[in-house]
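**Q** These are the residues of each chain, in order.
2 protein chains.
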Amino acid sequence: MLKAQFDHTNCSDCPIRHRAVCAHCDADELEELEDIKYYRTFEAGQTIIWSGDQMNFVGSVVSGIASLTQTMEDGRTQMVGLLLPSDFVGRPGREAAPYDVQATTDLVMCCFRKKPFEDLMNTTPHIAHRLLQMTLDELDAAREWMLVLGRKTAREKIASLLSIIARRDASITPKDKPAPIVFDLPLTREAMADYLGLTLETVSRQISALKKDGIIQLEGKRHVTIPDMRRLMEEAGDDSDGGFLV
Amino acid sequence: MLKAQFDHTNCSDCPIRHRAVCAHCDADELEELEDIKYYRTFEAGQTIIWSGDQMNFVGSVVSGIASLTQTMEDGRTQMVGLLLPSDFVGRPGREAAPYDVQATTDLVMCCFRKKPFEDLMNTTPHIAHRLLQMTLDELDAAREWMLVLGRKTAREKIASLLSIIARRDASITPKDKPAPIVFDLPLTREAMADYLGLTLETVSRQISALKKDGIIQLEGKRHVTIPDMRRLMEEAGDDSDGGFLV
DNA sequence: CAGAAACCTTGACCGAGATCAAGTGGAACC
DNA sequence: GGTTCCACTTGATCTCGGTCAAGGTTTCTG
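These protein sequences, in sequence, are chains Y and W. 49 is the number of the first residue of the first sequence in the working numbering; add one for each residue after it. 49 is the number of the first residue of the second sequence in the working numbering; add one for each residue after it.
Just to be clear, a hint being listed does not mean it is correct.
All copies of an identical chain are treated as equivalent in the list; a pair is satisfied when it fits inside any one copy or across any two copies.
For lysine to any residue, the following SDA-like pairs were computed, each having C-alpha atoms within a straight-line distance of at most 25 Å [unchecked claim]: (1) LYS259 <-> THR119; (2) LYS163 <-> ILE175; (3) LYS163 <-> ARG178; (4) LYS163 <-> ASP188; (5) LYS163 <-> MET182; (6) LYS85 <-> GLU166.
For the record, the hints were derived by calculation from the structure and aren't laboratory data.
Using the sequences provided together with the hints, build the complete structure.
**A** Here it is as structure tokens:
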């Protein structure tokens, strides 16, 4: 019975695009899930899990943005993942979190208590399969990002990040993709720097440069317009206009 | 029946430490597997799969080392993964390879034709589960490496790489872990540079520096002795002496 | 053994990005 | 309205690692 409830392969009419189990559609009408599923909200800046903590839930982001961060003893930090709505958090079969998870913006998460979720996964091959596919997606994204971190210049890094956000944003509000893409940056300059392996000053300078060169337009500090996505992607050194994942 | 053959959870007596399905123990005596499982050998430098190619098999490394590499149009390359013996290659459910796979040394792989392997996976929850765990391990490793690429200095990068190789090597030949660790570098300076996001000159210089400072000892260009693993790990800026994975 | 081809080392110089420092703009709070 | 705080920008300088160049070793080949 539980199984049936989670076994939707596609929920295309749901406002959240599911990539895994269906966690959102039928939120209210299923009382019998109360003890396994629940919602949590976090404020911007709040830490959801500290590295090393026991994690007794898995879940997915409903709205807002979370980040996965690793920190060295001397304080250097590197963001290792960015969780946008519909992204999955948690590691079935693992006890401790390997990095900090923080709410970058105000955040709503749909959580499942870990043990029952694992049971569900073990008895529902479809869910295990979905989870594997999602983990492979994350692995692809992480490796794509290794190229960005290891080999791209500061300008290319910024362009790469803007590309990703623009693309994810565009696909979440699936308009007919008109030429100019408009969105609000969900990250501070410092958070971008942590993601890109740069300093916040360099981020600021490169954004200014891209603006001066007409690759992007800025209104205030966060509101971005991309007049020509193709030019941005050229700047990112990334002509494989296909499968860039976050 | 097939299922039973693959359903060994542990094969500790096998020379290859399995992290997933048991692919090696019973290589010869199972004729009925002939059509799904086979061995392939590659010479050092040979490309196993080109990025974008169809991949009609999955498998694991039996001996030797393979690398996963991404390349930009202008020739900049970044290694995004290093496959040591027992590591798994391939992406169940995916068609094309997302990066080049190359034999760094002479290599033996144990391959399974992809379609039957996927069928096996779908009917054997244990295998799917194992695969998920392995993919999570790889994801952890990739994210750990993002910190290396994004935030560590050249010297720390080299020390990190040597740590990883030393640890993997030590666990494959599980002696009682005597104080000095000895191994042969399986990578050229250029391959190390590609893994670390450096140039080969910088790699060479930093190795020389670590040698001068007594952190490592070199005999020839490849034979490394680490007198004190703890010092090396300090140099790597990596005091979490626990779970560093490749 | 000579010659060539990898692979590696070392030096000199340069530049992208880090660091240090000052200043701007806007929102919140009294 | 003024003060404070925070996020951001911009400038000046420094430094780590890249680039270019030369030379050394080892191994393979004729």
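**Q** Look at each hint and say if it fits the structure.
**A** Verification of the supplied hints:
1. In the homo-oligomer, the alpha carbons of LYS259 and THR119 never lie at most 25 Å apart, since the shortest distance is 31 Å inside one protomer and 28 Å across protomers.
2. Within a single copy, LYS163 and ILE175 get their C-alpha atoms as close as 14 Å, and across copies as close as 20 Å, so both meet the 25 Å cut-off.
3. Within a single copy, LYS163 and ARG178 get their C-alpha atoms as close as 18 Å, and across copies as close as 18 Å, so both meet the 25 Å cut-off.
4. For a Cα distance limit of 25 Å, the shortest separation of LYS163 from ASP188 across copies, 21 Å, qualifies, whereas the shortest one inside one copy, 27 Å, does not.
5. Proximity of LYS163 to MET182 under the C-alpha cut-off of 25 Å is found in both arrangements, the shortest distances being 20 Å within a copy and 20 Å between copies.
6. In the homo-oligomer, the alpha carbons of LYS85 and GLU166 lie at most 25 Å apart inside one protomer (13 Å), although the nearest pairing across protomers, at 31 Å, exceeds that limit.
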